[in-house]
Structure formats: structure tokens, C-alpha cells
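Student: Listed below are the residues making up each chain.
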Amino acid sequence: MNEHVGHPQVLLDPAILAVIGLALAAVVYLGAALAEIRRGNRGWPWFRAVLWLAGLGCGAAAVVGPLAEAAHAEFPAHMIAHLLVGMLAPVLLVLAAPITLALRTLHVVPARRLARLLGSGVGRFLSHPVPAATIHVGSLWLLYTTGLGAAMLQNPMLHYLLLIHFLVAGYLFTTSIIGVDPAPHRASFRLRLIVLVLAIALHSALAKYIYVHPPQGITAPAAELGALLMFYGGDLIELVVVTVFFSQWYGRTRTSPARTGVALGDTAR
Amino acid sequence: MSHSSQVVRPRGVLRERSYWSAFLIGVALMAGVDEIVFHQLLGWHHFYDGATTAVGLLSDGLLHAAELIALVAGFFLLADARRRDTFSARVGWAGFFTGLGAFQLWDGTINHKVLRLHQVRYDVELLPYDLAWNAAGIVLLATGLVLTFMAVRRRTAAGPA
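Chains A and B, in that order, give the protein sequences.
Our numbering numbers the first residue of the first sequence as 1 and each following residue consecutively.
Our numbering numbers the first residue of the second sequence as 1001 and each following residue consecutively.
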């Protein structure tokens, strides 16, 4: 990474690259949704497209604009950016059912490849609640209780890599708990509930830990405000996750005999 | 046969979704009152005080997660009981008061005293506050248990259906 430090180039600015990536994701999703609507049979719910755009917007707010600027210098702003990227954006993106849209609109061969990837050992492992939650919550604890956080404030490139990591880890965790996309081997309701309880518990415990033990290079007042934001902001997003989780349970118990063999395309309705 | 149904029926109340959905709502409501009134409005409780142990931190997190989930799960379970037309308000109230009291007493004894998460109020003579806190918990819990007992009795008296 060091060779870029002396002569910054606009195109290599990671923030610009991130925005280009997010814009591409928006265009591809909307293009696929329009194609699906044009085809006429099932259409595509408009609210899923709104969720997708809102999720990408959360990601963008963490890399460009006033919040992103402040996040480099101030811990509370950094925490808001992390709530947006690691928690809120994943929930919005998961509920946008991008995999279902992809499976419906891709040509047969790439669609089959995607389905095979999801069903493969790695795909199943990463979308299982236990590994997904361990990666998601574990990396948060590592970031704030070791020197990793301080290193991140020093090195912009590491900062962007970690943002991508938290977006992906947050997505995998959220989809393992409340995913609406086809999951060939979804974990049981009980296991998902246990993992959800533990993840929320460790998240709020980490917030209190940060409150008392400011991460390296963070002043006590900044750490306290950041910890409160993490605790109560996390609560709001977790409340949404828990509500979606139980509304899925409610919807499923009503018609459990009829829906036990849910077909691929039906899950996203 | 008749006596066996008498043995099974009283336990039935404690197996009902009416009871446990309302119990969860009671727990969550009391936790909500604790958070909104005592942490936020009055500022008596502290987010964290120096006496909190590592075990306390983890148990606090678990309790917090359980409260959040109890709130949502309680309402969905209640909606499910109503949808199945098995909801009994009498049993529901019994569960609700038991939940209110159980949380309050747990909070006043285990959380405040054993785990020392925080105290009822700071810079005051603590004993009257602790007594009032736990007395409120005992009254609520006793109300819940009496209502539970009455609901069980009523079922038993109704005889085999």
C-alpha cells in the first residue's frame, strides 16, 4: 500500500472505489428487478428495492460525506459509522433478498453455479449461525479490546478493509438468523434463537466494556459516548432483527404443514 | 380416570401460551420501566458503576438480550394464542403479574446485590430504597402467584371437560 502514499490518485482513493462499488450494486439490483418485473409472472416487490438502496446508502454514508470525515477523527462518529455498516446495512440488504433476485434473473448456468456455491461446504459453514455469529461478534471484540482499533485509525487502507469485513460479516450473521433468501440447510428456530440471544448479550457487554476501558488512543468521554451509542443504537437495530425473526416464526407456524417444502422462488414474497 | 384429569389440569395453566406470553410481556414491561424511568428519566441507576464484576458484565448482557427478546416474543406468542382462540385473559393476567414481580425481585436481589451491576440510587441512604424496591417486587410476585393459584383452582373446579 505504501507506494500510493507519495502520489495520491483520485481513482485509487478507496472511498471513491467503495462508492463506485455501491453504485454498481444499486444499478445491477435495479436492472435485475426491472427485468423480473418486465417478464411479468411474479414481478418483484418494490419495498425490497427500497431496502436494497437504503442498505447501500448506509454503506455510502460510512465512506463519504460528513459522517465519514468525522469518523476518522472522533470515536462517537466512528461508532455510528460502524453501526450503519456492520448492523443496519446488513439487515436492510438481507431483507432485500438479493440472492433470490439473482437466482431468478441469471441465466441457467451462472444461476446453477450460484446455487452450488450456496450449497457448498464453505457456503453452508459461513451462513450457519454459530460460525457467522462468532466471526461477527468476535471480530468486534478483537477490534476494540486489542491494538487493532488504534492501527485502524492510523491506516486508512486497513480502515476500509475492516469496513468491508464488517459489512460482509454482518450480512452473513443477519442472513443466518433472519435470511429470506433460499438456504438449503437453515438452522433450527431454537438454535437461531440461542445464537441471537448470545450475540445481543456479547454486543451489549462489549459496549459496557468499552465504556469502562477506552480503546487505545481514545479519550474517556469519547469512549463513553461511543459506548452509549453502541449500546442503545445496537438495541434499536436488534429490536428490528428480533421482530423480523418472530414475525417469520408467526408466519410459518400458521401454515407449517403447507410450507415445509418451500420452493426456491417462494421464500422472498 | 377422573382423578388423573384433576392432576393434569392444574399443570395445564402453566403450560399455556396465555400464561407464558403474558409472563414475558410482564418481564419486559418491568425491564422497560426500569430502563426508561430509573436509568433515563430519574437518572438514579447508572449505566455502569465501578463495583460491577466481569461475571456481572456478561450476565447483564444476557439479561439485556433476554429482555429485548421477551418483549417481542411475548407479543407474538400472545398473538398466536389469540389466533388459535386459546387465549384466556384470566390466565394471562396471572402470568403478567408473575412476570412483573419476578423481574423486579430478581433485579433488586441478584442484579443489585449479588452481581452489583448498579444500585437503586446513589449518594443516599440505600436501605429504604432497597426495601421499597424489593417489597414492590414481592407484592407484585405475590399478586401473580395468587392469581395463578386462583386460575389453577378454577380449572380444577370446572372439572373434566
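It should be emphasised that the hints constitute simulated quantities derived from the structure, not laboratory data.
Incorrect hints may appear among the rest.
To spell it out: a stretch of chain B is covered by chain A in this simulated footprint if at least three of its residues, at any positions, have a beta carbon under 8 Å from a beta carbon of chain A; those stretches are [stated by the list, open to error]:
no., segment
1, 1076-1088
2, 1148-1156
Quick list of simulated restraints, FRET-style, between CB atoms [what the hints assert, rightly or not]:
no., chain 1, residue 1, chain 2, residue 2, range
3, B, L1058, A, G119, 31 to 41 Å
4, B, V1037, A, G217, 29 to 39 Å
5, A, N41, B, A1079, 45 to 55 Å
6, A, T146, B, L1126, 50 to 60 Å
7, A, V50, B, L1131, 25 to 35 Å
8, A, G65, B, A1089, 46 to 56 Å
9, A, G138, B, R1153, 44 to 54 Å
Computed from a predicted structure; not experimentally measured.
Ideal Cβ positions, reconstructed from N, Cα and C, are used throughout, including at glycine.
Student: Between the beta carbons of V1037 (chain B) and G217 (chain A), is the distance compatible with 29 to 39 Å?
Tutor: 37 Å, holds
Student: Does the Cβ pair G138 (chain A), R1153 (chain B) satisfy 44 to 54 Å?
Tutor: Holds, since G138 (chain A) and R1153 (chain B) (Cβ atoms, about 51 Å apart) stay within the stated range.
Student: For the segment 1076-1088 of chain B, do three or more residues have a beta carbon lying closer than 8 Å to a beta carbon of chain A?
Tutor: holds (count 4)
Student: Between V50 (chain A) and L1131 (chain B), is the Cβ distance one that fits in 25 to 35 Å?
Tutor: 53 Å, violated
Student: Indicate whether the distance between the beta carbons of G65 (chain A) and A1089 (chain B) respects the range 46 to 56 Å.
Tutor: 52 Å, holds
Student: Establish whether the coverage given for the segment 1148-1156 of chain B by chain A is satisfied; the threshold is a Cβ-Cβ distance below 8 Å, and no fewer than three residues must meet it.
Tutor: violated (count 0)
Student: Taking the Cβ atom of N41 (chain A) and the Cβ atom of A1079 (chain B), is their distance within the range 45 to 55 Å?
Tutor: 33 Å, violated
Student: For T146 (chain A) and L1126 (chain B), compare the CB-CB distance with the range 50 to 60 Å and indicate the outcome.
Tutor: 38 Å, violated
Student: Evaluate the given range 31 to 41 Å for the C-beta pair formed by L1058 (chain B) and G119 (chain A).
Tutor: 36 Å, holds
Violation of the numbered hints given earlier is confined to hints 2, 5, 6, 7; the remaining hints are satisfied by the structure.
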